[in-house]
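Trainee: The chain contents come next:
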Amino acid sequence: MIEALHLEFMRNALMAGLLASLICGILGTLVVINRIVFLAGAIAHAAYGGIGLAFFMGWSYLGGTLVFSLAAAMAMAAVSLKARHRADTIIGVMWALGMAIGVILLDLTPGYSADLMSYLFGSILAVAAWELRLLAAVALAVTLVVARYYNGLVLMSYDEEFARVRGVPVTPLYFLIIGMLAVALVLIIRMVGLLLVIALLTIAPFVMERHARSMAQMMAGAVLLNIFFTVTGLMLAYRLNITAGASIIMVGAVCFFLELALGRFIQKKRSPAA
Amino acid sequence: MENSSDTPAVSIKNLYFAYNDTWILKDVNLEVARGEFVGVIGPNGGGKTTLIKLMLGLLRPTRGSITVLGRPPAEVSHKIGYVPQDIHLNRNFPVSALDVVLMGRLAPGAGWSLRDPKAKEAALEALARMDMEAYADYRMDDLSGGQRQRVFIARALVSQPELLLLDEPTASIDMEGQADFFHLLQDLNASMTIIIVSHDLMLMATHVKSVACVNRHLHYHDAAAMGGNLLTDLCPSCIKGARCPVDLVTMQAATCPHGLENGDD
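Same order as they appear, the protein sequences are chains A and B.
What the first sequence shows, in our numbering, is residues 1 to 274, in sequence order.
What the second sequence shows, in our numbering, is residues 1 to 265, in sequence order.
For the record, the hints were derived by calculation from the structure and aren't laboratory data.
Since the model is a prediction, treat every value here as computed from it, not as a measurement.
C-beta atoms are modelled at their ideal positions from N, C-alpha and C, and glycine is treated no differently.
A couple of the hints might just be wrong.
Selected chain A positions facing chain B (Cβ under 10 angstroms, derived; list incomplete) [stated by the list, open to error]:
id, residue
1, I33
2, Y158
3, M218
List time: in silico DSS-like cross-link candidates among lysine-lysine, alpha-carbon distance up to 30 angstroms [what the hints assert, rightly or not]:
id, chain 1, residue 1, chain 2, residue 2
4, B, K26, B, K13
5, B, K53, A, K82
6, B, K53, B, K79
7, B, K13, A, K82
Required output: the full structure, derived from the provided sequences and hints.
Mentor: Next up, the structure:
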């Protein structure tokens, strides 16, 4: 692994993985706690429509995808607030529709052959330096925003009604979370792919939920776990010459099932006498 | 700005509330004086929780007006202590009892820090008042239903409210715990107005000062109108058709205390 780091593309891949770990650990905690994993999956998939739109219109990849994903994400957020009991169905429709739009627009774009595999697994070994800088900026922004609104986020995630009574701007904060999620997903998917994003968003926060004593602890633990998944997975990928994204997911999945099986036995003392 | 203590705790005039074209509350009039201890009863779906949410400013009346402590509810939310039904809460959420109580210190527009020593002191004090200070560092899902409920009351008390609203707070507490709970509320009533939604008529009968029957319409029976025993002296229209207290809450539309109009929901 050490000798691999002499290669620039491996260093970039590792950096991209670490930044994705940080962003997904923080946002994933909010996603898991607020039970919007389905919504996050829908945003990640619908983003494919943005790729199609960008290529079809001849826009820049990032610009087109960001605009499309943000719009889709805001629409889904609005639906999940307004029509709670039908939200999962409507979001499911938008999930499929977004992908279908992407596929059709790519079909209609002359000279472009759609590469779904790179959407699924990303191209972490082809990450450019400017993309890393952009991802670092997003990581910083996500960290600062969550730190700034931490108390309101805790309150609304735990007890939305009480949060509203206390004057927490629940609806704006909800849209803010979803918006950050959309932007982060678009950037990270390009590098590590759709599948890894979902894994980084869900596995580590879930593993931490039972053992943390606060949301901040859960976020910190999820970030560390994600980093562990990423580093171990990349190492295995390099050694065994297998796909990096899938290998990272496998490491995470092993931890996930270990926690499910043994979690309550290895549960650390989260309460003084519990 | 400060309200004199003789403005009513809650004042509702000709209030109507509709949800999805169905009237939940119709022509409700209610004036709750300061220092009252009101029990809210009525069948499920009769509008009890809606009434509480209107008082909290979470819902706005379709027609009519409501003021709490002399102001629109949203403006005085920091003076209202609220204890929700704990079934709505996120049970797996990683949070300690102390942090839950600290949530009650979050005032509209103001910053709030977990490390603010004053807030922490107040939170510990509120926990102590509930005999829960030993559990400050426990995770909420390691506590029993009764213990959790005490933490929620501590959260409501930490902002030193003038009005305490409770929505079926005893649902997850055993019988003995419920009796203790009502004693506790009675003590608190010395310093604040309390409005509680509960199905436990037996306990309510011995502790509350007045009763509001809610079933589309609201019928208020205050202390002066009732004799000693709430159960037997409860206005006849409330009891009509009910053979035992349980009937009052489990009753079908046909035997509802104040009758029911055009269909339930």
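Trainee: The structure should be examined with respect to each hint, and the outcome stated for every one.
Mentor: Hint by hint, here is what the structure shows:
1. Checking A/I33 against chain B: minimum C-beta separation of about 6 angstroms stays under 10 angstroms; hint holds.
2. Taking 10 angstroms as the C-beta cut-off, the interface hint given for A/Y158 holds, the closest approach to chain B being about 5 angstroms.
3. Against a cut-off of 10 angstroms between C-beta atoms, the interface hint on A/M218 holds, since the closest Cβ of chain B lies about 5 angstroms away.
4. Restraint check: the Cα-Cα separation between B/K26 and B/K13 comes to about 11 angstroms, which is no more than 30 angstroms; the hinted pair holds.
5. Taken as a hint, the B/K53 and A/K82 pair is honoured in the structure, with Cα atoms around 18 angstroms apart against an allowance of 30 angstroms.
6. Note on B/K53 and B/K79: the hinted pairing holds, with a Cα-Cα distance of about 15 angstroms set against a maximum of 30 angstroms.
7. Annotation: proposed proximity of B/K13 to A/K82 holds, straight-line Cα distance about 29 angstroms (limit 30 angstroms).
Hint compliance for this structure: no hint is broken.
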